[in-house]
Amino acid sequence: MAASVGPLENPAQQDYEQGLIERIRDGEREAFYELIRPYERRVYAAAFLILRNQEDAEDCVQETVLKAFKHIRQFRAEAKFSTWLIQITLNDARMRRRKQNRSLMEPIDKAEGDEEPYTPRDFADWREIPSEALERQEIREKLAQALNSLGQIYREVFVLRDMEQLSIEETAKVLGISPASVKTRLLRARLMLRDLLAPGLGGRWSRGIQFAKGVKPW
Amino acid sequence: MVITCDDLWREISNYLDGDVGPELQSAIDGHLRECRRCVAVVAGTRNLIELYGDERVQQVPSGFSNRLHQKLESRLLPSRRHFLGWIVATAATALVIGSFETARSSVLGGPALRSKHAKGSTRVPPDLQVIVAEQGKTFHVARCPFIHGQAGLRTIPALEAEREGFAPCVRCMKKYLDATA
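From first to last, the protein sequence lines stand for chains A and B. Under our numbering, the first residue of the first sequence carries the number 7, and numbering increases by one thereafter. Under our numbering, the first residue of the second sequence carries the number 4, and numbering increases by one thereafter.
One or more hints might be untrue.
[Said to hold, decoys possible] Keeping only pairs whose Cα atoms sit at most 16 Å apart, straight-line, the calculated EDC-like set for lysine to aspartate or glutamate is:
hint	chain 1	residue 1	chain 2	residue 2
1	A	K86	B	D22
2	A	K189	B	D22
3	B	K74	A	E36
4	B	K74	A	D65
5	B	K74	A	E175
6	B	K74	A	E69
7	B	K177	A	E175
8	B	K74	A	E61
Since the hints were made in silico from the structure, they are not lab data.
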């Protein structure tokens with residue numbers, strides 16, 4: 007079943023996962039299927055975050071999942087399995103990206119820009135949440151387009167925090183940055199996305215008016 | 004404490020995550036009663052967080068899951084005997100989970116969730132007093148910034164909210180449950 011929101015962390019689920027991990031460590035390979043099944047979509051999203059190409063992201067997921075199986079004995083129960091899996095995925099995806107040397111083709115995100123306050127540029131009123139709009143492929147594409155227009159450092163924190171539903175501390179750990187940096191980047195990511203999306207989602211979508219082409223995805 | 008629009012924009016993310024102190028919370032609430040521009044910024048930011056938090060945004064390529072499992076089978080389970088064992092194990096797990104869900108559903112005795120995409124929780128204390136909005140689909144703790152619409156707000160026990168088809172707000176309820184765990 008798809009969920010519009012991420013599932014609540016459930017201690018019973020974590021116990022169940024820990025039981026599966028113990029069975030895998032004892033040689034019951036089949037239990038690995040059940041362990042990773044709930045996280046396939048999230049792992050793909052993490053891989054796509056870095057690679058931004060469906061085929062590469064899918065290859066990355068396949069290798070990551072196999073790597074997780076191979077290194078399952080190294081997993082420590084104090085971390086969540088999902089966080090561990092996402093961290094392995096991001097590491098693998100970054101390695102692939104370095105090999106592809108694609109980073110040279112992209113603008114460099116200046117970390118020092120983090121310190122500058124971001125001022126919203128658009129004050130379109132967008133009160134009502136159009137969750138039904140997500141049924142439309144067009145809207146999902148606009149959201150993906152807006153997200154992809156962010157710099158890498160902002161996209162990373164936004165995806166991990168607001169899409170993967172990691173906590174600030176988990177996001178910081180996965181990315182190897184401080185919680186304060188996560189908060190600063192998250193603020194900018196959210197405000198930049200709102201500037202990009204509010205004019206379209208604030209009303210035009212509901213009236214079926216064609217989205218204008220321009221800097222904004224609307 | 005009086006704050007400006009600039010102050011609010013610096014804190015908007017923390018405000019929506021419920022990560023501000025009571026004094027700042029009160030100052031922001033006061034500012035929002037007076038400033039339409041900031042109301043638009045806060046509402047829009049809250050909306051995009053909810054939209055991107057929806058799994059429908061995370062699209063995977065067609066056939067992705069099948070290809071992943073085929074890869075796993077070819078690398079992890081080379082023999083047919085193991086594959087058949089996996090089928091049996093999966094079927095058994097599905098049966099157990101299905102029985103559990105059926106039992107839980109019958110205990111709650113409630114209708115389907117208001118959002119067909121939402122997920123319930125077994126972890127919320129049934130007697131916890133929660134807030135629901137008439138037009139909403141989720142239930143919240145008091146002062147959650149993700150409560151939509153101020154009209155028709157009710158305070159009811161969590162069990163009652165679940166019976167009425169409300170699902171737990173992933174943000175405020177998660178924070179509450181983590182804090183009380």
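Tell me, in ascending order, the numbers of any earlier hints that this structure violates. 1 and 5
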